[in-house]
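Protein sequence lines correspond, in order, to chains S and F. For the first sequence, our numbering assigns the number 849 to the initial residue and increments by one for each residue that follows. For the second sequence, our numbering assigns the number 800 to the initial residue and increments by one for each residue that follows.
Do not rely on the hints blindly, as some may be mistaken.
Said to hold, decoys possible - Ranges of calculated distance between the beta carbons of each label pair, as one might list FRET restraints: (1) Thr1002/S / Lys818/F: 28 to 36 Å; (2) Val815/F / Asp985/S: 29 to 37 Å; (3) Thr823/F / Glu851/S: 53 to 61 Å; (4) Asp978/S / Arg839/F: 54 to 62 Å; (5) Lys956/S / Ser806/F: 35 to 43 Å; (6) Lys909/S / Lys820/F: 41 to 49 Å; (7) Ser835/F / Pro1006/S: 20 to 28 Å; (8) Lys862/F / Ser918/S: 39 to 47 Å; (9) Ser835/F / Ala858/S: 40 to 48 Å; (10) Arg864/F / Glu859/S: 22 to 30 Å.
Stated by the list, open to error - Within a straight-line C-alpha distance of at most 16 Å, the following computed EDC-like cross-link-like pairs (lysine to aspartate or glutamate) qualify: (11) Lys838/F / Asp850/S; (12) Lys820/F / Asp1017/S; (13) Lys1023/S / Asp802/F; (14) Lys1023/S / Asp954/S; (15) Lys973/S / Asp989/S; (16) Lys818/F / Asp947/S; (17) Lys973/S / Glu995/S; (18) Lys876/S / Asp1017/S; (19) Lys956/S / Asp819/F; (20) Lys973/S / Glu1010/S; (21) Lys1023/S / Glu908/S; (22) Lys883/S / Asp802/F; (23) Lys816/F / Glu948/S; (24) Lys909/S / Asp852/S; (25) Lys877/S / Glu1024/S; (26) Lys883/S / Asp819/F; (27) Lys909/S / Asp952/S; (28) Lys820/F / Asp1071/S; (29) Lys816/F / Asp860/S; (30) Lys973/S / Asp954/S; (31) Lys973/S / Asp991/S; (32) Lys876/S / Glu859/S; (33) Lys1039/S / Asp802/F; (34) Lys956/S / Glu872/S; (35) Lys818/F / Glu1010/S; (36) Lys956/S / Asp1030/S; (37) Lys1023/S / Glu824/F.
Said to hold, decoys possible - Among the chain F residues that face chain S by a calculated CB cut under 10 Å, a handful are: (38) His828; (39) Thr837; (40) Ser841.
Keep in mind the hints are simulated off the structure, nothing from the lab. Glycine included, every Cβ here is placed at the ideal spot set by N, Cα and C.
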Amino acid sequence: MDEDFRRHAAEDIARLLAHWRTIEFWIKKAEQINKQAVIPAINELRYASRQIFNAIRVLEKPVLSDGDESVISRRIIIGEQYLFNAEHDICDAIVTFYDEVVSDLDAKFGTTAITILYPEYPLLKRRIQDCQSLISDARLDYDKRFEVYSALRTNHIPHFVESYRTLVDAEVGAKEHQNRLDRQLIIAQAKITILGWFGLIAAIAAIVAIPLSIYLWTFAYEDFCSLHGKNAVLGLICSSSSQ
Amino acid sequence: MLDKLVSRVAARRHPVKSKDKIRTEVIAHHDAIGYSITKRYSRGNVNIKRGAYLTRDDIDARKKR
């Protein structure tokens, strides 16, 4: 009985360790997209390791009591649950990350601007929607979860890893273009402001110049009359009107 | 002339960002998104939710101190 339990427990632990290595591989893949987003999955993997380690530690005892067997069984079940959590967290985090990045890009630059720089952008958006539908389907039917997350990992996550660099390049290009436009706008605004000030100064000068010239004209008239006489002024006016 | 003058002033007040600098900003923004996802998906660990967890950089900084 004891040997039978040991054999079964060792098989379970070997299976969990293989699962652990698979998840670690996918975490490394997902880290190529974003290191922050996979922290929950890493934590779940850590908790699973602790459970597996404790199960192995108790299993190595020369004689196992009923309590020991119960502890090992419990550790294996909890460890497996943590591994599932880690597996799901990788996919959920990457899909959510992409969804937020894409929403942000659409809000800032618009789909068309990004599509010019990254022609497969609409297909990427479509893929994100498909992944979200798969994840919500998995919530509806618990038995489907394993298949769904396996499909997400093998069919979609590698594509997300590959397209991340292109998406970043597209965002950098769009932002560069946006900065160029902003700069041109600032220059145009500065030119309008400067021309506006020139116009204002010219208008003030014109407003001041007209009454000033009328005022000065009276002095000029008097000076002319004193020099040439009043008749000369009238003759000047008549000759200018006859011409 | 006005065009050149305004462009020169604008270049001084609003320097053109290099492609590398824009890329750094984009990656930092993506990291912030990733961090918000971390807070959302972390189960139970309050320190992680509060952002009070150690990273390798913190440990290196402690060693230097």
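Structure-based check of all given hints:
At about 35 Å, the CB distance of Thr1002/S to Lys818/F agrees with the hint of 28 to 36 Å. Hint check: Val815/F to Asp985/S, Cβ distance near 48 Å, so the stated range 29 to 37 Å is violated. Separation of Thr823/F from Glu851/S is about 60 Å and conforms to the stated range, judged on CB atoms against 53 to 61 Å. Between Asp978/S and Arg839/F the CB atoms are about 22 Å apart, so this pair departs from the stated range of 54 to 62 Å.
For the hinted restraint 35 to 43 Å between Lys956/S and Ser806/F, the CB-CB distance of approximately 26 Å leaves it violated. For the hinted restraint 41 to 49 Å between Lys909/S and Lys820/F, the CB-CB distance of approximately 60 Å leaves it violated. In this structure, Ser835/F and Pro1006/S meet the distance hint of 20 to 28 Å, their C-beta atoms being roughly 25 Å apart. For Lys862/F and Ser918/S, the Cβ-Cβ distance of about 43 Å falls inside the hinted range of 39 to 47 Å, so the restraint holds.
Between Ser835/F and Ala858/S the beta carbon distance is about 41 Å. The supplied range of 40 to 48 Å therefore holds. At about 48 Å, the CB distance of Arg864/F to Glu859/S disagrees with the hint of 22 to 30 Å. Taking the CA atoms of Lys838/F and Asp850/S, the gap is about 44 Å. The hint is violated against a cut of 16 Å. With a C-alpha separation of about 13 Å, the suggested pairing of Lys820/F with Asp1017/S holds against the 16 Å cut-off.
Annotation: proposed proximity of Lys1023/S to Asp802/F is violated, straight-line Cα distance about 25 Å (limit 16 Å). The straight-line distance between the Cα atoms of Lys1023/S and Asp954/S is roughly 12 Å, inside the 16 Å bound, and the hint therefore holds. For the hint pairing Lys973/S with Asp989/S, the CA-to-CA distance comes to about 25 Å; that exceeds 16 Å, so the pair is violated. Taking the CA atoms of Lys818/F and Asp947/S, the gap is about 25 Å. The hint is violated against a cut of 16 Å.
Restraint check for Lys973/S and Glu995/S: the C-alpha separation of about 22 Å exceeds 16 Å, so the hint is violated. Of the supplied pair hints, the one linking Lys876/S and Asp1017/S is violated, its CA atoms being roughly 22 Å apart against a limit of 16 Å. Of the supplied pair hints, the one linking Lys956/S and Asp819/F is violated, its CA atoms being roughly 20 Å apart against a limit of 16 Å. About 15 Å separates the Cα atoms of Lys973/S and Glu1010/S, which keeps this hinted pair within 16 Å; it holds.
Distance restraint check for Lys1023/S and Glu908/S: the Cα-Cα separation of roughly 59 Å exceeds the 16 Å cut-off, and the hinted pair is therefore not satisfied. Between Lys883/S and Asp802/F the CA atoms are separated by roughly 46 Å; this puts the pair beyond 16 Å, and the hint is violated. A threshold of 16 Å between alpha carbons decides the hint, and for Lys816/F with Glu948/S the separation of about 25 Å lies outside it, so the pair is violated. The hinted pair formed by Lys909/S and Asp852/S meets the criterion: a straight-line CA distance of about 15 Å does not exceed 16 Å.
The suggested pairing of Lys877/S with Glu1024/S is violated, with an alpha-carbon distance near 29 Å, which exceeds 16 Å. Only pairs whose Cα atoms come within 16 Å are accepted, and Lys883/S paired with Asp819/F is rejected, the gap being roughly 20 Å. Simply put, Lys909/S and Asp952/S have alpha-carbon atoms about 55 Å apart, too far for the 16 Å limit, and the pair is violated. Proposed proximity of Lys820/F and Asp1071/S is contradicted: the alpha carbons are some 72 Å apart, above 16 Å.
Distance hint between Lys816/F and Asp860/S is unfulfilled; the C-alpha atoms sit about 56 Å from each other, more than 16 Å. Note on Lys973/S and Asp954/S: the hinted pairing holds, with a Cα-Cα distance of about 10 Å set against a maximum of 16 Å. Only pairs whose Cα atoms come within 16 Å are accepted, and Lys973/S paired with Asp991/S is rejected, the gap being roughly 27 Å. Between Lys876/S and Glu859/S the CA atoms are separated by roughly 26 Å; this puts the pair beyond 16 Å, and the hint is violated.
Distance check on the hinted pair: Lys1039/S and Asp802/F sit about 7 Å apart at the alpha-carbon level, within 16 Å; holds. For the proposed pair Lys956/S and Glu872/S, the alpha carbon gap of about 35 Å is over 16 Å, so the pair is violated. Restraint check: the Cα-Cα separation between Lys818/F and Glu1010/S comes to about 21 Å, which exceeds 16 Å; the hinted pair is violated. For the hint linking Lys956/S to Asp1030/S, the alpha-carbon distance of about 13 Å falls within 16 Å, and the restraint holds.
Our distance criterion of 16 Å between C-alpha atoms is met by Lys1023/S and Glu824/F, whose separation comes to about 10 Å. The closest approach between the C-beta of His828/F and any C-beta of chain S is roughly 8 Å, which is under the 10 Å cut-off, so the hint is satisfied. Contact between Thr837/F and chain S, as hinted, is supported at the beta carbon level, the nearest pair being about 4 Å apart and thus within 10 Å. The restraint placing Ser841/F at the interface with chain S holds, with a minimum CB-CB distance near 5 Å, inside the 10 Å limit.
Checked against the numbered hints given earlier, this structure breaks hints 2, 4, 5, 6, 10, 11, 13, 15, 16, 17, 18, 19, 21, 22, 23, 25, 26, 27, 28, 29, 31, 32, 34 and 35; the rest are met.
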